[in-house]
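The listed protein sequences correspond, in order, to chains F and B. Its first residue numbered 1, the first sequence is counted upward by one per residue in our numbering. Its first residue numbered 1, the second sequence is counted upward by one per residue in our numbering.
By construction, these hints were calculated from the structure, which means they are not laboratory data. Small disclaimer: the values here were computed from a predicted structure and weren't measured. Honestly, I wouldn't trust all of these hints.
[Stated by the list, open to error] Simulated pairs of lysine-lysine, DSS-like, Cα-Cα distance not exceeding 30 Å:
1) K64/B <-> K116/F
2) K64/B <-> K293/F
3) K37/F <-> K122/F
4) K293/F <-> K67/B
5) K60/B <-> K122/F
6) K37/F <-> K502/F
7) K122/F <-> K64/B
[Said to hold, decoys possible] Partial list, computed: chain B residues near chain F (C-beta under 8 Å):
8) L65
9) T66
10) K67
11) G73
12) F74
13) W76
14) L79
15) L80
16) T84
17) T86
18) D87
By construction, the Cβ of each residue, glycine as well, lies at the ideal position given by its N, Cα and C atoms.
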Amino acid sequence: MSSATAIPSEIADVQWNGERLNYLNNGHGLKSWLLTKDHKRIAILYLISVSAFFILGGIFALLIRINLLVPQGEFPADTYDRLFTAHGVIMVFLFLVPAVPAILGNFLIPIMIGAKDLAFPKINLLSWYIYMLAGVILLYAIFAGGIDTGWTFYTPYSTSYSNSNVLLAGLGIFVAGFSSILTGINFIVTIHTMRAPGMTWFRLPLFVWAHYATALVIMLATPVLAITVSLMAIERVTHVGIFDPAMGGDPVLFQHMFWFYSHPAVYIMVLPAMGIVSELIANLSHKNIFGYKFIAMSSLAIGIFGFLVWGHHLFVSTQSVYLGLAFSFLSYVVAIPSAIKVFNWTATLFKGSISYDTPMLYGLGFIGLFLIGGMTGLFLAALGLDVQVHDTYFVIAHFHYVMVGGSLMGFLGGLHLWWGKMTGREYPEYWARAAMIIQFVGFNLTFFPQFILGYLGMPRRYASYPPEFQVLHVLSTAGASILGIGLGITIFYLLWSLKRGKRAAANPWGAPGLEWRTTSPPPTENFYETPVVTWEAYEFAPIETMEVLGYPGDPGRPTQPVHAEHGTED
Amino acid sequence: MSEHIVSKKTYYTVFLALLAGTALTVVMAFVNLHNWNIVVALLIAGAKASLVIAFFMHVKYSSKLTKMWVAVGFIWLFLLLAITMTDFLTRAWLVYKP
Ligand SMILES: [Cu+2]
Numbered sequence: 001m002s003s004a005t006a007i008p009s010e011i012a013d014v015q016w017n018g019e020r021l022n023y024l025n026n027g028h029g030l031k032s033w034l035l036t037k038d039h040k041r042i043a044i045l046y047l048i049s050v051s052a053f054f055i056l057g058g059i060f061a062l063l064i065r066i067n068l069l070v071p072q073g074e075f076p077a078d079t080y081d082r083l084f085t086a087h088g089v090i091m092v093f094l095f096l097v098p099a100v101p102a103i104l105g106n107f108l109i110p111i112m113i114g115a116k117d118l119a120f121p122k123i124n125l126l127s128w129y130i131y132m133l134a135g136v137i138l139l140y141a142i143f144a145g146g147i148d149t150g151w152t153f154y155t156p157y158s159t160s161y162s163n164s165n166v167l168l169a170g171l172g173i174f175v176a177g178f179s180s181i182l183t184g185i186n187f188i189v190t191i192h193t194m195r196a197p198g199m200t201w202f203r204l205p206l207f208v209w210a211h212y213a214t215a216l217v218i219m220l221a222t223p224v225l226a227i228t229v230s231l232m233a234i235e236r237v238t239h240v241g242i243f244d245p246a247m248g249g250d251p252v253l254f255q256h257m258f259w260f261y262s263h264p265a266v267y268i269m270v271l272p273a274m275g276i277v278s279e280l281i282a283n284l285s286h287k288n289i290f291g292y293k294f295i296a297m298s299s300l301a302i303g304i305f306g307f308l309v310w311g312h313h314l315f316v317s318t319q320s321v322y323l324g325l326a327f328s329f330l331s332y333v334v335a336i337p338s339a340i341k342v343f344n345w346t347a348t349l350f351k352g353s354i355s356y357d358t359p360m361l362y363g364l365g366f367i368g369l370f371l372i373g374g375m376t377g378l379f380l381a382a383l384g385l386d387v388q389v390h391d392t393y394f395v396i397a398h399f400h401y402v403m404v405g406g407s408l409m410g411f412l413g414g415l416h417l418w419w420g421k422m423t424g425r426e427y428p429e430y431w432a433r434a435a436m437i438i439q440f441v442g443f444n445l446t447f448f449p450q451f452i453l454g455y456l457g458m459p460r461r462y463a464s465y466p467p468e469f470q471v472l473h474v475l476s477t478a479g480a481s482i483l484g485i486g487l488g489i490t491i492f493y494l495l496w497s498l499k500r501g502k503r504a505a506a507n508p509w510g511a512p513g514l515e516w517r518t519t520s521p522p523p524t525e526n527f528y529e530t531p532v533v534t535w536e537a538y539e540f541a542p543i544e545t546m547e548v549l550g551y552p553g554d555p556g557r558p559t560q561p562v563h564a565e566h567g568t569e570d
Numbered sequence: 001m002s003e004h005i006v007s008k009k010t011y012y013t014v015f016l017a018l019l020a021g022t023a024l025t026v027v028m029a030f031v032n033l034h035n036w037n038i039v040v041a042l043l044i045a046g047a048k049a050s051l052v053i054a055f056f057m058h059v060k061y062s063s064k065l066t067k068m069w070v071a072v073g074f075i076w077l078f079l080l081l082a083i084t085m086t087d088f089l090t091r092a093w094l095v096y097k098p
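Excised from the complex, chain F in its bound form:
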C-alpha cells in the first residue's frame, strides 16, 4: 500500500503492526509465555497443545480405519481395542472439551465484553498446566500398555477384568476435569462482573451467551465425572462392591453416573461451536441476527435440559422401562432448542448479503451436518429403534456428525474468522476454501456409509467383520484419508500464514462486535481505552463509524478498518 507520507513505509508498517503494542511481542522468550497471565497468550498455549493432541487423536483414527480395510482386521483384536480407546479418550477429553472454550473462548470473551482479562488470570494459567498434566498422564497410559475399555470405561469390565492402564487413564480424566472446571468458573465470574459500561446482558454477543451456558454445564457436570472415576478406581483397587454384581454392586449405576456427565459433555463440546456459528452467520451475512433472545435463551435451555436425558444411553441395559419412557420423551424435547437455533440461523441468512468466505463455508457445513447428526439422534432416542441400532456403527456415525460435523466445523470456522485477530496475519482464502470443501467431502464419505453399516447390524468396537460389509468399510477408510488430507492442508497453510500471510486488518468483515474495534493482534490490555458500549449486539453500521476505539493512530495509515480485500498488502 502506498500513501503520501513523510514516514518511511517500514516504520509505518512496524507501527501499524503495533510492534511496540500488541500482546504477541509484549515479552519474548519461553518464560514470558509459560508464566504469562494474559488470557490471549494462554489461549495460544492451549491452541498449540490442543492441536497437537488433535493430530495424535487423528493418527489413531487413521489406524482404526486401516485396520477395518479388510474383514479379518490388520491388527490383533487387543491392539485394536487400545487404538479405539486411545482415539476416543484423546479426542473427547483432550480435544473436544477444551477446544473451543479454552482457545477461542479464552481469547475472545474478555475482548467481546470489553474487559482487560478474565477475572482470575492466574487460575486461567493454572488450568493450562492442569490440562498439560492430564495430557502427560493420559499419554503415559496410552503408550505404556494402553487402555482397552473404550472411552466409556463400562463396569465391571473396567473394574474387575481389564488388564490395561484403567487406573492411570481414570487419573488423567480426573485431572483433566479440574482444568475445565477452572475455565468454567473463570468464564462465569468474568461474564457476571467484568462487562464494560453499557454492555448489558442482552448486548452480549451470542458467543458469550453460549459460553455462559457451557460454563454452567461444565461446573455442574464435571464433578460427577470425578466422583465416577474415583468410585471406579476404589472398586478396582480395594474390591469393594460398587459396580460389579459379583461383589454386590450394580453396573447400571456406573452408566447412570457416567452419562450424567457425558451426555451434558456433548453440549460442552457443541454449545460453544453453536456460539461461533451465530457469530459467523451474522457477521458474514452482514445482517442483525434473527431472534437474538431466542438463540441466547436456547443455549441456556440446552444447558439445563441436557441434564435430563442421560438415560437414552441405557435403553438396552436393565434400566426401568418407565424411566426409559421419560428419558426418550425428554430427549425429543431437548432437540427443540437446537432446532430453534437452526431456524434462526437460516432466517438470518435469508436476504442477507452473504460472503462465501471460509468461515461462512464452515458455518453452512455446520448447519447441514449438525442437522443430520441431530436428526439421527432422534432415531436413537426412540425406544424401539434403539434396540436395533444400539452400539452399532449407526451410533458412531451419529455422534461423529455431531462432534466432527458440529464441533470441529464450528471450531475451524471460528479459527478462520478470528485467525487474523489472534495472529495478526490472514490465512490464504483460496487454500482455505479448497481445504474446507475437501474436508466436507471426506467427512461425508467417512461417516455416511457408517449409518448404513450400523443399520445393517455392524457392531461398534469390533476388530473384524463379515466380508459383505467390506465395500462400506473401504469407502469409509477412503473418506477418512480425504478428510485427513483436508485437515493437513489447513494445518499447513495456517502455519505458513504466521510468517507469510498478509497483515490482518482490524475489522476485515465489517462486523460490529467489540473484538473488531481493537487492532489485530490486540494490545495486552485489549483496548486503547475502556470501551463504552452504546450500540446493540449485531447492529451493523456504516464501516466508517466502526473504528478502532481510542487508537493513537499510525502515521501514514488509516485509523479506520480497511474493508476492501480484507486488509493491506504486506
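Given chain F's structure and the hints, the job is docking chain B with the ligand onto it.
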C-alpha cells in the same frame, strides 16, 4: 465481595450444634426404626451440612447470586440422586416377566 466478620460466639454455637448432631446420629443408630433409620440419619446429616455451608462457608453473608449458585449445585445433585433412584425403584415393575 464485602467481608463479613462473624463473631467467635457464632462459630462456637454452630460447632456445638454440629457436635449435638453427631451425638444424635449415634443415638438414633441404636433405635430400630426399620426403613426410617436411613431417612433420619440423612436428615440429621443434611441439617449439619447446611450449617457448615451457611456459617463456616459464609454463604449466609454472601450475595444473592452466590446463594443462587449454591442452590443450583444442590438442585443438580438432587436430580442425579432422585432420577437414578427412580430407576432402582421401578426396575422390577415389568409387564412381561422374562
Ligand atoms: Cu446422550
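Outcome of the hint check:
| no. | hint | result |
| --- | --- | --- |
| 1 | K64/B <-> K116/F | holds, 26 Å |
| 2 | K64/B <-> K293/F | holds, 24 Å |
| 3 | K37/F <-> K122/F | holds, 6 Å |
| 4 | K293/F <-> K67/B | holds, 26 Å |
| 5 | K60/B <-> K122/F | holds, 28 Å |
| 6 | K37/F <-> K502/F | holds, 28 Å |
| 7 | K122/F <-> K64/B | holds, 26 Å |
| 8 | L65 | holds, 7 Å |
| 9 | T66 | violated, 10 Å |
| 10 | K67 | violated, 14 Å |
| 11 | G73 | holds, 7 Å |
| 12 | F74 | violated, 11 Å |
| 13 | W76 | holds, 5 Å |
| 14 | L79 | holds, 6 Å |
| 15 | L80 | holds, 5 Å |
| 16 | T84 | holds, 5 Å |
| 17 | T86 | holds, 5 Å |
| 18 | D87 | holds, 5 Å |
Hint violations for this structure: numbers 9, 10 and 12, all remaining hints satisfied.
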